[in-house]
Each structure stands twice: as C-alpha cells, then as structure tokens.
Amino acid sequence: MSSALIQLSNLGFAWPGQPELLDIDAFTLQRGESLFLKGPSGSGKTTLLGLLGGVQKPDRGRIELLGQDLSQLSAGARDRFRVDHTGYVFQQFNLLPFLSVRENVELPCHFSKLRTSRAVQRHGSVAEATRALLAHLGLQQAELLQRRAGELSIGQQQRVAAARALIGQPELVIADEPTSALDADAREAFLELLFAECRAAGSSLLFVSHDQSLAHLFDRSLSLAELNKATRLAEI
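With the first letter of the sequence shown counted as 1, position 26 gets the number 30 in our numbering; the numbers rise by one all the way through.
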C-alpha cells in the first residue's frame, strides 16, 4: 500500500470569468503526517481544501485521496467519499447552534456507516466515542453534552468542532484557520490536543493558516506560494 494519502498532479482551477487561481504540478501528503500549509488571504488555500474534499472539481489534473481520483466521481459520490474519509474543522466552526453538543459531534456518523462502525469498534458505541473525544479535548463535564452549541464559548465550540471532525477516525483531518480567534497559549494547547487525537486515530492532519508561529509544531511546513505557479506568475 502506498504511504501517500493525498496525491495531486497537474492541478488547475479557476473560478468562472477569473484568471487561474491554482496551478500545482505536484503535491503529496503522507499517511499519518501533520502538515502546516501557509498563505495569505486570497491565495487559494480554502479553494484547495474544497478541491481536496471534492466540493469542487478541478479544471484539469488529478486529485487522489486514498488512491481514488475524486474528479472521476459524481457529485453525490464525492459527497459520500468525503464524509467517509475526511473530517473538517472550519474557521467559524460551523456548528448547528440549535443542536446539542452531543448531536453536533455525532453528525458525521448519521451520514457515514463507515465512521459509525469505526466509532463503535474503537469505543463500543457512538455515544461513548463522543464522550471520550470531548474528554480528551478538555470537555469532561457530563452536563455539557446536552447544552446547545450556540451557548458555548469560542474555545468550547472549537473543541466540539474538532471532536466532530475526528469521530469515526477519518483518514484525513482538514483544519481551516480554526485557531484564529484564540490567544497564543490557547492556540498551542489546542493543537497539542488535536495532534494527540490524530495520532490515536491514525489520521493525517492538513492545517491551513497564515499564522507562521504555529509551523514548528508540525511534521512539515509548506507555503502555498511554493506549490502554486499561478501565484508566482501573478507576482511577476
């Protein structure tokens, strides 16, 4: 089995009526690797994440996740593949405020039999997987499980979002600027917890940020400008 989780080759993408935003010859993320991907706002980071998740299709090239070329799948098949194999921690967390903490964390298992079976295999039940993940991420209080997500602090929302991304041991965890609202000490503490959970699940972590101070915590650091020929051409 290949050690690569993600392989990109000859990737090109442009929004309609716009110049090419992404032009990437090659990119690889290894299984179990943590990668810090940096770049300023507007550089195409979030677009690249959308392509890796199969939300958008590239104009050209290949995006392989677990050996599957995402561009060859229908929109519905890409959605199913994404929920089975990818967990997201969004910049604004994207929790459903009217649902409880437990319901938010367990959402991926409602859409993925694979992640449900993995959660049950590792923890005995989806409910126990939820409790264990939240406890490992510093949310041990039993009453918190029934609290609505809209009533949580920013730091609590961040941890709930991480637990939702991690439940069911997806092979890829993508984090898009999830620490931007936290101070430096809280950012580093959260990342250590996130790393620990990714290691326990065997997940690769792709962490996107413009905060270079976090880069030393990762296995590897990469600038999108180093990958993206479209950015370099725009600067000439």
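By construction, these hints were calculated from the structure, which means they are not laboratory data. Incorrect hints may appear among the rest.
[Said to hold, decoys possible] Restricting the straight-line Cα-Cα distance to at most 35 Å, the calculated cross-link-like pairs of lysine-lysine (DSBU-like) are:
1. 42 to 61
2. 233 to 117
3. 117 to 42
4. 42 to 233
5. 117 to 61
[What the hints assert, rightly or not] Simulated DEER-style distance windows between Cβ atoms:
6. 79 to 186: 26 to 36 Å
7. 36 to 16: 22 to 32 Å
8. 203 to 159: 18 to 28 Å
9. 98 to 118: 33 to 43 Å
10. 76 to 101: 31 to 41 Å
11. 132 to 103: 14 to 24 Å
12. 192 to 21: 19 to 29 Å
13. 139 to 186: 39 to 49 Å
14. 132 to 98: 31 to 41 Å
Note that the structure is predicted; figures quoted are calculated from it, not measured. We put the beta carbon where it would ideally sit given N, CA and C, even for glycine.
Outcome of the hint check:
no.	hint	result
1	42 to 61	holds, 22 Å
2	233 to 117	violated, 39 Å
3	117 to 42	holds, 34 Å
4	42 to 233	holds, 15 Å
5	117 to 61	holds, 25 Å
6	79 to 186: 26 to 36 Å	holds, 35 Å
7	36 to 16: 22 to 32 Å	holds, 29 Å
8	203 to 159: 18 to 28 Å	holds, 22 Å
9	98 to 118: 33 to 43 Å	violated, 22 Å
10	76 to 101: 31 to 41 Å	holds, 37 Å
11	132 to 103: 14 to 24 Å	holds, 19 Å
12	192 to 21: 19 to 29 Å	violated, 41 Å
13	139 to 186: 39 to 49 Å	violated, 20 Å
14	132 to 98: 31 to 41 Å	violated, 25 Å
In this structure, the hints that do not hold are numbers 2, 9, 12, 13 and 14, in rising order.
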